[in-house]
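Asker: Below are the chains, spelled out letter by letter.
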Amino acid sequence: MSATRREFLKIAGIAAAAGAAATPAFASFIPGNILWPRGESKRDEAYTAKRWAMVIDLAKLDQKVVETVREACHAAHNVPDFLKVAGMGAGEAKRSEIKWIWPAKYESAFPNDMNEHMSANVTQRPVLVMCNHCDNPSCVRVCPTKATFQRADGLVLMDYHRCIGCRFCMAACPYGSRSFNWYDPRDAKDPKTLVGGRAVDPGFPTRTKGVVEKCNFCAERLARGEAPACVAACKNNEMVFGDLSDPESPARRLLRERYSVRRKPEMGTGPQVYYVI
Amino acid sequence: MYDKGKVITGLAIFFLVFTFPFWSNIGKTAPMPERSLDTPVLQEMAREAGLDLEQALKEGAINCVEDKDYIVSQHMHLLNLWRDSVVRSGNRMYAGAFGKRHEMSLSKSCMNCHSNKKDFCDRCHNYMNVNPYCWDCHLTPEQMGTASDAEVKQ
Amino acid sequence: MLDKAIKGSKLYWWWLFILFGAIGTGFLAYLYQFTHGLGETGMSRDISWGIYISQLTYLVGVAASGVMLVLPYYLHNHKAFGKITILGEFMAVGAVFMCLMFVLVDLGQPMRMFNLVLHPSPNSVLFWDAVVLNVYMGLNLVIGWMVLQCEKKGDVVPKWVKVLIYISIPWAFSIHTVTAFLYAGLPGRHFWLTAIMAARFLASAFAAGPAILLLIMLALRKASSFHVAWDTLKGLAKIITYAMIANVFFFLLEVFTAFYSGIPGHQETFYYLFTGLSHHGHWYGQLVPAMWVSLILMFTTIVLLVVPQWRNSEKVLPVTLVILVAATWIDKGLGLVIGGFIPNPLNEITEYAVTLPEILITIGVYGMGALVVTLLYKIAIGVREELENKPRIIGAAEHAAHGHAH
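Residue numbers (the working numbering), protein chains in the order written: chain A, 479 to 755; chain B, -3 to 150; chain C, 6 to 411.
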């Protein structure tokens, strides 16, 4: 044991580190605190559900909406925009692009539902694509460290603290919803305030190079009783978020009233982003 | 066939090189630097208790989220617990030892009270030679726009 | 026995010097990649595994193929293979070591590597791949070392080592099967989603691995006292022939299924690899020339191997084997992994262009593997030399004369 360490332990007032009380339970025996219920809990105002799902109204999407939505999501989660980084070529920016939600062509989003002579109203509109928070997620199945996992309410999430960056999940995702941090997302010129040319939003941590990331259905916003950033950015109910286990939720209502499709349901992944046409 | 002397010398050199970080600072006895608790949020809490900061600390009117001994020696474990609760279980609130609920957040909770990262966390960590990598992703008070180092008297 | 590794000819030291050069350069390149991020490789959002994981796939095969020397000897009592099993075992150690290094250099957060152990996830094939590879490396190291030590002392190989040897045989099959499962169980990657993947992997491995071993043995005949009888090598060439035919046969099965069924998803990667794909007015077909070269070379090697005069010719066989290694490397070490990512899940195409740091790191890892194999072989040959004190032909005839029967 080094001198500094001994010094430290003296200051800390404990004789030996020896794993003393790895959980803070003993603190509850401080006189006067015995009745205080310790432990972790949800916020009172948190949104909870049995099965979260997203319904996107394709008929309402246009270039302006999809751009607004993408910007709202990417700004709220400090997703870098490498195109804005000086010194990074367009090719390199595209190769290492990070996308949580983005517009795709209809033929790319639904390659198996492409019929000839289809209405341009369908095929020419942008489709917003994102993580499908699948019921049976192949990314979770393949992750060797449980860094990506599924919560009881259906959300498929990433633990950025645990990800080793093996990218097996990227190969396993049939939707191309996952991005890898090929570079440090923070701007080399001003890492304090910029992520990929964008001002840092203090509401969410950035990521660092070498981890995979993706849409989290705004778990951090749901926890404080707010709708996902993309849904909040929609003026006209272009995206509807709700609890699929609740027949009266707006998401269920929309699914009941309109014809819906999902991306590649034949993969057996059970995608939970629905598109109504 | 084995040259025992050489093998032992080799092993000894190997051992010395690999333990260098452990014995290199033997005899370094610089005193632990002072950590400042003088931040706007803690000042405000003291004022609400009708005391000045020093008194409030002495009387235990203002406290950390856990008992002092515990937080000093175990804050890294507490942060891991917070991290796992938030990220994996979706619980964001923590009932602290002193009858208060805290949001389990490194940047929004710890660093709200301890907004003087440089004069608090960093001083101790520099002295102890630990360098948490959390700030690769988590935002410092400076980045959050809540830093108070400038106001701290040296 | 370790001292054998530090006594050698000038040639030996020059070889080590070259290997250390490659390793050093690779290490510097890795530092560069580590500080700048994996963006310094040719990989991208769409092609998220590149040459590193390709090499892993190829080398798992090389490692597994060691069993092709062990199996005939221990299960079929094919005495001629007795003296060369150690080469297969030590080659397996080097190859698995390279596999693990290729995984390591491919990780985005290598410092967190131990999360694999801290949070074991039995549902992940990668977890099992790490398990079977590490165990296989351990098995071969222990077996090779113990057998050599017994040989040196003139002892009989202990029972427990024999048990390990018998375990190592199915284990060799398992490492390549599990590696194939990395690919064959992923929804939405049509090129990989095929039940025959593991069989195809094993076939190509049992062709390429023994071919590399055979080439090494031919080199050792020239450069050292380790002389393997030509008859033994001919036996090995026969195994290579069967494996290569199976490999090409399996490939043709894939082609049939894709093109007779006419399902676009199953065809697209084949088109990308062999004709190129047009997409939004742009033609993508970077790998087309290489894939055709590979295919033609594969058929060529089959002809050269099937005709006995050529297979048994000391002049032709080495050339055939070099061609075979090149052909299978292009197929598995390049086309299979990269091709599987094209087109991407949104039916878009991004191509892969390998970068200089990536190449240097790859060479560095091969250098490390070659170093491991060199040292182990040096020890093995040294021990044999000591026992014989004269160059000898190892083959069926003298094996019987050699004291310590297995």
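The hints are simulated quantities; they were obtained by calculation from the structure and are not laboratory data. Treat the hints with caution; some may be incorrect.
As the list claims (entries may be wrong) - Straight line, CA to CA, 30 Å or less: simulated DSSO-like cross-link-like pairs of lysine-lysine:
1. B:Lys104 with A:Lys572
2. C:Lys243 with C:Lys12
3. A:Lys742 with A:Lys583
4. B:Lys64 with A:Lys528
5. B:Lys54 with A:Lys670
6. A:Lys538 with B:Lys104
7. B:Lys64 with A:Lys667
8. A:Lys713 with A:Lys538
What the hints assert, rightly or not - Residues on chain B that point at chain A, a partial pick, calculated with CB under 7 Å:
9. Val37
10. Gln39
11. Arg43
12. Glu44
13. His71
14. Met72
15. His110
16. Val126
17. Cys133
18. Leu135
19. Ala143
Glycine residues also receive a C-beta, built at the ideal position from the N, C-alpha and C atoms.
Asker: Against each hint, give a clear statement of whether it holds in the structure.
Answerer: Hints and how they fare:
| no. | hint | verdict |
| --- | --- | --- |
| 1 | B:Lys104 with A:Lys572 | violated, 33 Å |
| 2 | C:Lys243 with C:Lys12 | violated, 36 Å |
| 3 | A:Lys742 with A:Lys583 | holds, 15 Å |
| 4 | B:Lys64 with A:Lys528 | violated, 39 Å |
| 5 | B:Lys54 with A:Lys670 | violated, 36 Å |
| 6 | A:Lys538 with B:Lys104 | violated, 37 Å |
| 7 | B:Lys64 with A:Lys667 | violated, 39 Å |
| 8 | A:Lys713 with A:Lys538 | holds, 11 Å |
| 9 | Val37 | violated, 16 Å |
| 10 | Gln39 | violated, 22 Å |
| 11 | Arg43 | violated, 23 Å |
| 12 | Glu44 | violated, 19 Å |
| 13 | His71 | violated, 10 Å |
| 14 | Met72 | violated, 10 Å |
| 15 | His110 | violated, 16 Å |
| 16 | Val126 | violated, 10 Å |
| 17 | Cys133 | holds, 4 Å |
| 18 | Leu135 | holds, 6 Å |
| 19 | Ala143 | violated, 11 Å |
Violated hints, listed in ascending order, are 1, 2, 4, 5, 6, 7, 9, 10, 11, 12, 13, 14, 15, 16 and 19; each of the other numbered hints is respected by the structure.
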